[in-house]
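Asker: What follows is the residue order along each chain.
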Amino acid sequence: MDHRPVSAVSILAVIVMLPFAPLAAQNAPTAGDPTDARAWQQPLTPWGDPDFQGVWRYEATIPLERPPRYEGRAFLTDEEVAEIARVEEELAANRLAGLDGAAVGRQSLEDSPIRGNEYNAFWQDHGRARQVYRQTSLIVDPADGKLPYTDDAREAAARSTARYGVGPYESYLDPDTGERCLTDGVTAMMWQGPNGGHNRIVQSPGYVTIVHEEYLDRRIIPVDGRPHGGIPQWLGESVGHWEGETLVVETTNFPDKTNYEWASIWTRTSDALHLVERFQRVGPNAMEYTITVEDPKTFTRPWTAAVPITRLADNTQIYEYACHEGNYALKNMLSAGRATAENE
Amino acid sequence: MRTDLVIGLAVIGQVLATLPVSAHHAFAAEFDANQPVKLEGTVARMEWISPHSWLHLDVAKPDGSVERWMIEGGPPNALFRRGITQESLPVGTEIIVEGFRARDGSFRANGRDITFADGSRPFVGSFSSGSP
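Chains as they are written, first to last, in this note's numbering: chain H, 1 to 344; chain U, 1001 to 1132.
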């Protein structure tokens, strides 16, 4: 925790990062990798496992699905990378200067007083420009960079989007799992979260533990060769093993929660959900993380996201997230729903 | 120029499309975009609770009565990472809050903008490696 006064600011330069190693062969970096991976060796824990300990966070600009304007290509051009980096730097500087609205990349209040304008920039400031990579989508398989929804799941996604903020909110069951302080699920845990998605990895002999700040989600992952058990849980049941310096985690035993509201349908769990994650450090502060999501109840085929994740400074802490304690929003949403119904 | 503008707009589009989840819940479920409010008052209390901080504001009415408003703010963990502490908005501070009133008509609003009586804004600027 840094306690310098908030006026003592400095703008961190935009970092143009290497794409992922599997992708790197196709794309030379446009700037040096600040992690200096060439001189770096994977550290080991005292008991000999690769050491991943620290607080990690997704810091990049890559969208999950490929935007239409990048259709047909997996990577940005040099010109696009430079322009996105320039804009990111400008937006960060504008936030630091106290500007708002379009100057920090938002729609005008007239266009949308709600979406993206709920709070002034100071409430949500990243504190620095985001990192720019060449990938045009986190999804690297299928090749079109899109979620391969089943027809039913696509309909559920459209319904979820349509009811966002609108309801109906007649019961505490109507808000989504995050609004109910339950969880946002495992699928995006390494790169999303209401506070920005901080994850602390802690290791001990035979275990890797991931503490996710939001919802106090934590995953205690045995890496001692034991098989999966049989107890369905919201976060599934994870078993890991080492493949060289890569941590491979397989997660299954999710309960069927497809009838719950999820903020993002692609993060929902069914009893057929099966996740395979690969964690590979590529520098002192850089990790290549991939997740392959298989669930025939939501997707027509498995899909894989490749996500660059950054290790934050050693003094970064994970803070308490006593979500139920302060979740006035749940009561307020229900009372708002009743007031709306009475006025109709 | 035209090319720059097109690229610039596309980039802004990407920025908007890829902003992380910016709030724990859907704004419109709780607040009414058609009821903007501007409240001038003094800080009565700041609740540092997840998933959102809540600022309690005493607003004096022309008839001498006082309304106690509750203002929803950003997540406390995110604020704390930027060096904002319980001392940043002490009780008694005069501020102006602009936001949108709760849909149920109660004395609650979200705190989109906060301005001190002298026109300056708190919390401008940020730093540290752990911010959201």
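Treat the hints as calculated values from the structure; they're not laboratory data. Since this is a predicted model, take the numbers as computed values, not measurements. Hints are not guaranteed to be accurate.
[Unchecked claim] Computed beta-carbon distance windows for the label pairs:
#: 1; chain 1: H; residue 1: 39; chain 2: U; residue 2: 1087; range: 25 to 31 angstroms
#: 2; chain 1: U; residue 1: 1121; chain 2: H; residue 2: 322; range: 27 to 33 angstroms
#: 3; chain 1: U; residue 1: 1106; chain 2: H; residue 2: 160; range: 52 to 58 angstroms
#: 4; chain 1: H; residue 1: 301; chain 2: U; residue 2: 1117; range: 36 to 42 angstroms
#: 5; chain 1: U; residue 1: 1098; chain 2: H; residue 2: 241; range: 51 to 57 angstroms
#: 6; chain 1: H; residue 1: 151; chain 2: U; residue 2: 1086; range: 33 to 39 angstroms
#: 7; chain 1: U; residue 1: 1096; chain 2: H; residue 2: 302; range: 41 to 47 angstroms
#: 8; chain 1: H; residue 1: 331; chain 2: U; residue 2: 1094; range: 26 to 32 angstroms
[As the list claims (entries may be wrong)] Covered by chain H, according to a simulated footprint, are these stretches of chain U (three or more residues, beta-carbon under 8 angstroms):
#: 9; region: 1057 to 1067
#: 10; region: 1105 to 1116
Quick reminder that beta carbons are idealized off the backbone N, C-alpha and C, glycines included.
Asker: For the region 1057 to 1067 of chain U, count the residues whose Cβ lies under 8 angstroms from any Cβ of chain H; is that count three or more?
Answerer: violated (count 0)
Asker: Using the beta carbons of residue 39/H and residue 1087/U, state whether their distance is inside 25 to 31 angstroms or not.
Answerer: 43 angstroms, violated
Asker: Is 41 to 47 angstroms a correct range for the gap between the Cβ atoms of residue 1096/U and residue 302/H?
Answerer: 53 angstroms, violated
Asker: In this structure, is the beta-carbon distance linking residue 1121/U and residue 322/H contained in 27 to 33 angstroms?
Answerer: Holds - the Cβ-Cβ distance for residue 1121/U and residue 322/H, about 29 angstroms, lies within 27 to 33 angstroms.
Asker: Take a look at whether the Cβ-Cβ distance between residue 1098/U and residue 241/H falls inside 51 to 57 angstroms.
Answerer: 54 angstroms, holds
Asker: Honestly, do residue 301/H and residue 1117/U meet the 36 to 42 angstroms range at C-beta?
Answerer: 59 angstroms, violated
Asker: Please check whether residue 331/H and residue 1094/U have a Cβ separation lying inside 26 to 32 angstroms.
Answerer: Holds: the Cβ-Cβ distance is about 29 angstroms, inside 26 to 32 angstroms.
Asker: Would you check chain H against the region 1105 to 1116 of chain U, counting CB to CB pairs closer than 8 angstroms, and say if three or more residues qualify?
Answerer: holds (count 8)
Asker: Is it true that the C-beta distance of residue 1106/U to residue 160/H lies inside 52 to 58 angstroms, as the hint says?
Answerer: Given a distance of about 28 angstroms, which is not inside 52 to 58 angstroms, the answer is violated.
Asker: Do residue 151/H and residue 1086/U keep their Cβ atoms within the hinted range of 33 to 39 angstroms?
Answerer: 51 angstroms, violated
Of the numbered hints stated above, those contradicted by the structure are hints 1, 3, 4, 6, 7, 9, listed in ascending order.
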